[in-house]
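Chemist: Here is how the chains run, residue by residue.
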Amino acid sequence: MSARAGAGDAPGSPRARALPVAMALREAGLAAFVMAVLAFPLIGFVLADVSGGVTLRTRFEWVALASAIVFAGRFALAIMPGRVSLPFAPAFAAAGGALSRSGAGRWIGPALAGFALVLPAMPFSDRYIVDLGTSVLIYVMLGWGLNIVVGLAGLLDLGYVAFYAVGAYSFALLALHFDLTFWQCLPLAGVFAAFFGIILGFPVLRLRGDYLAIVTLGFGEIIRMVLLNWQEFTGGPNGLSSIPRPTFLGAPLARSAPEGTTTFHELVAPLMEPVYALFGEEWGFSPMHRIVWLYYIILALALVTNFFTLRIRNLPIGRAWEALREDEIACRSLGINPTNTKLSAFAIGAMFAGFAGSFFAARQGFVSPESFTYIESAVILAIVVLGGMGSQLGVVIAAAFLILIPEFGRDFAQYRMLIFGLAMVLVMIWRPQGLVSGREPSVRLHPEAR
Amino acid sequence: MTPDAVSTRGIDPAAILSVDHLTMRFGGLVAVDDVSFAAREREITSIIGPNGAGKTTVFNCLTGFYKPSVGRLALRHAGGFHLLERMEGFRICKDARIARTFQNIRLFGAMTVLENLLVAQHNRLMVASGFSILGLLGAASYRAAEREAVERARYWLERVGLADRADWEAGNLPYGDQRRLEIARAMCTDPVLLCLDEPAAGLNPRESAALNDLLRFVRDEHGASVLLIEHDMSVVMEISDQIVVLDYGRKIASGSPAQVRADPAVIRAYLGEDDAAGAGASP
Chain A
28 MSARAGAGDA PGSPRARALP VAMALREAGL AAFVMAVLAF PLIGFVLADV SGGVTLRTRF
88 EWVALASAIV FAGRFALAIM PGRVSLPFAP AFAAAGGALS RSGAGRWIGP ALAGFALVLP
148 AMPFSDRYIV DLGTSVLIYV MLGWGLNIVV GLAGLLDLGY VAFYAVGAYS FALLALHFDL
208 TFWQCLPLAG VFAAFFGIIL GFPVLRLRGD YLAIVTLGFG EIIRMVLLNW QEFTGGPNGL
268 SSIPRPTFLG APLARSAPEG TTTFHELVAP LMEPVYALFG EEWGFSPMHR IVWLYYIILA
328 LALVTNFFTL RIRNLPIGRA WEALREDEIA CRSLGINPTN TKLSAFAIGA MFAGFAGSFF
388 AARQGFVSPE SFTYIESAVI LAIVVLGGMG SQLGVVIAAA FLILIPEFGR DFAQYRMLIF
448 GLAMVLVMIW RPQGLVSGRE PSVRLHPEAR
Chain B
477 MTPDAVSTRG IDPAAILSVD HLTMRFGGLV AVDDVSFAAR EREITSIIGP NGAGKTTVFN
537 CLTGFYKPSV GRLALRHAGG FHLLERMEGF RICKDARIAR TFQNIRLFGA MTVLENLLVA
597 QHNRLMVASG FSILGLLGAA SYRAAEREAV ERARYWLERV GLADRADWEA GNLPYGDQRR
657 LEIARAMCTD PVLLCLDEPA AGLNPRESAA LNDLLRFVRD EHGASVLLIE HDMSVVMEIS
717 DQIVVLDYGR KIASGSPAQV RADPAVIRAY LGEDDAAGAG ASP
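Residue numbers (my numbering), protein chains in the order written: chain A, 28 to 477; chain B, 477 to 759.
It should be emphasised that the hints constitute simulated quantities derived from the structure, not laboratory data. Please note that a few of the clues may not be correct.
Stated by the list, open to error - Estimated spans, in silico, between C-beta atoms of each pair:
(1) Gly637/B <-> Pro474/A: 16 to 26 Å
(2) Pro137/A <-> Gly614/B: 45 to 55 Å
(3) Leu613/B <-> Pro314/A: 58 to 68 Å
(4) Asn256/A <-> Arg630/B: 29 to 39 Å
(5) Leu613/B <-> Pro474/A: 14 to 24 Å
(6) Gly392/A <-> Leu613/B: 42 to 52 Å
(7) Leu613/B <-> Tyr155/A: 15 to 25 Å
(8) Asp640/B <-> Glu467/A: 46 to 56 Å
(9) Gly556/B <-> Pro474/A: 16 to 26 Å
Stated by the list, open to error - Sample of chain B residues lacking proximity to chain A, with all beta carbon distances greater than 10 Å (derived):
(10) Lys570
(11) Gly611
(12) Ala642
(13) Asp643
Claimed, not checked - Pulled from the structure, derived: some chain B residues nowhere near chain A, Cβ distances all over 10 Å:
(14) Phe513
(15) Arg516
(16) Tyr542
(17) Arg548
(18) Gly565
(19) Phe566
(20) Gly585
(21) Glu591
(22) Gln597
(23) Leu649
(24) Arg661
(25) Gly699
(26) Met709
The C-beta atom is built at its ideal place from N, Cα and C for all residues, glycine as well.
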């Protein structure tokens with residue numbers, strides 16, 4: 028649809044006057060034509076299940092209907108005098124603006140963290156909710172990791188999922204070949220991913236912006252292709268299965284443990300005596316334990332990522348990253364080594380993806396190249412951009428938004444990605460700088476004057 | 477690079493910077509052609525010349541943005557002797573201690589004024605933060621180093637009159653303030669040689685006068701030498717100890733302001749063949 032459609036008018040640019048009828052008709056006709064062209068392949072044909080096979084059925088009456096609706100709507104918008112925008116658009120933009128100003132973000136962050144902490148204990152929390160929370164937190168952590176590379180250092184990385192894959196496969200392979208546990212592999216996975224971050228960093232040192240994006244995109248695909256084709260090492264498209272689950276202080280969260288180890292519910296049973304006495308019944312093994320344990324692991328990992336990022340932003344290296352984003356030539360003239368600075372951003376961003384990857388492998392118990400396609404990189408980047416580059420709170424809101432929208436949109440079946448796309452377009456129209464924008468200085472000379 | 481390793485023969489002992497036979501070619505174009513001059517310690521040396529004379533190219537060679545085609549660029553200070561044409565770009569500031577500003581201002585626009593000055597102290601703070609490890613742990617030694625860096629920044633901000641705007645975004649400052657901030661940022665790297673590329677461009681007469689005072693202060697109180705490219709003759713003639721005149725990539729004159737003003741070659745370059753009156757006025 029034409030970019031000048033009513034909802035496309037930014038809140039600040041009112042349409043001054045109504046268009047004459049002839050022009051309105053022309054605009055409406057144009058919009059209807061675009062709709063018809065789009066709808067012809069998308070709506071015009073449908074696969075029909077008839078006895079003996081599948082045939083293609085046409086429903087051009089739907090195409091005509093869609094075009095007619097667009098024509099009427101566009102015409103109405105065009106002849107309507109004054110500014111046209113959806114009623115909640117300014118409110119939405121204002122809410123984002125309020126979040127961006129320093130005061131509001133101060134208590135929202137801790138409040139969200141507190142909510143995340145008690146979520147599994149909430150009365151409405153069932154297995155589905157906690158699982159969903161875990162998925163959101165994985166993306167929050169990935170978003171925070173990528174935020175270091177894209178938001179702080181300004182290096183547009185479209186292959187971030189490669190480091191996520193490196194972390195996942197590092198854990199899977201180390202666990203399967205060397206019998207290492209999740210907790211032993213977690214730091215190793217981070218180290219491997221950081222190492223790959225440096226390997227990617229070297230060839231792209233001289234590149235910026237779109238060129239960098241293309242190379243990182245290629246790098247992401249290289250990693251995926253290697254995983255897909257190196258059959259004997261990575262299992263190829265079949266992936267790797269029976270990856271061990273994270274243990275609780277060495278106690279597996281399972282119904283029964285191998286000889287010589289105690290399970291989690293056996294371990295905690297003595298501690299729970301008073302609780303059992305209170306309720307008059309004993310709780311044995313529950314699969315929910317593992318779900319909740321995984322949830323808390325990723326929550327802890329994500330909070331560590333957040334803490335680390337907030338901290339390093341105020342250190343010289345963090346300021347150097349931001350300076351590099353602003354002006355690389357000026358950085359060099361001030362004696363900052365651009366090579367080390369860039370590589371450290373790549374390495375640290377990749378490290379957090381590695382942690383998240385090894386958690387992902389432990390959660391699924393199975394990894395395959397399927398999980399590390401380009402679309403994952405795109406979603407993570409979308410989280411960072413949508414949230415507002417460099418904003419930690421923005422990443423949380425955007426991750427929740429991007430993961431929950433498709434989830435709650437399941438009722439719309441195949442149209443849920445359409446809703447997802449529409450939501451993203453609307454956010455970018457109303458808040459092009461991201462949901463939460465605005466930057467808090469790392470240091471102030473006059474802290475009292477805020 | 478020790479003094480024994482390279483010949484220091486022919487270098488003026490009072491010179492902090494010696495440029496010898498500097499030539500810079502871009503394909504067939506000779507932007508700088510066999511230019512030699514020296515900048516003496518604690519002096520303000522100006523490079524002037526009509527547009528396109530190669531002044532900024534000389535700067536870019538000095539500060540490592542271009543590798544000269546021919547020539548030797550030697551810098552000597554208490555910390556050692558450096559051949560600039562052999563150094564990696566960022567080391568020219570870090571080790572040779574040359575700081576520069578840019579003709580088109582290059583501040584970190586989205587960062588605050590104070591942060592700009594802290595970025596300039598990156599190398600010192602990086603060591604103090606134990607390459608971020610001590611800093612992440614919140615070590616007291618790092619916090620002290622950061623406080624000291626903020627104090628140094630405050631000193632320069634007060635000097636250039638920006639202390640009350642320290643927490644502004646640098647990109648939001650008025651033009652003249654941005655120019656002065658860039659000089660303050662360069663001074664925060666603690667340079668022995670400060671290279672300024674047209675610092676008075678776009679300043680009003682009052683701001684130009686303040687700039688003169690600032691450059692004298694840098695020279696007299698901080699013992700830094702200054703290398704200056706400037707078109708504004710009210711600045712150049714008033715504060716320069718020595719002037720080098722370039723035209724079409726060649727050095728056509730050098731000497732004190734009075735000598736240069738009277739030099740027939742300079743008058744020709746600026747005003748054409750005949751008219752000799754008012755050569756010292758603005759070009």
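Chemist: Hints broken by the structure, by number, lowest first?
Modeler: 2, 3, 4, 6, 7, 8, 9, 10, 11, 12, 13, 18, 19, 20, 21, 22, 24
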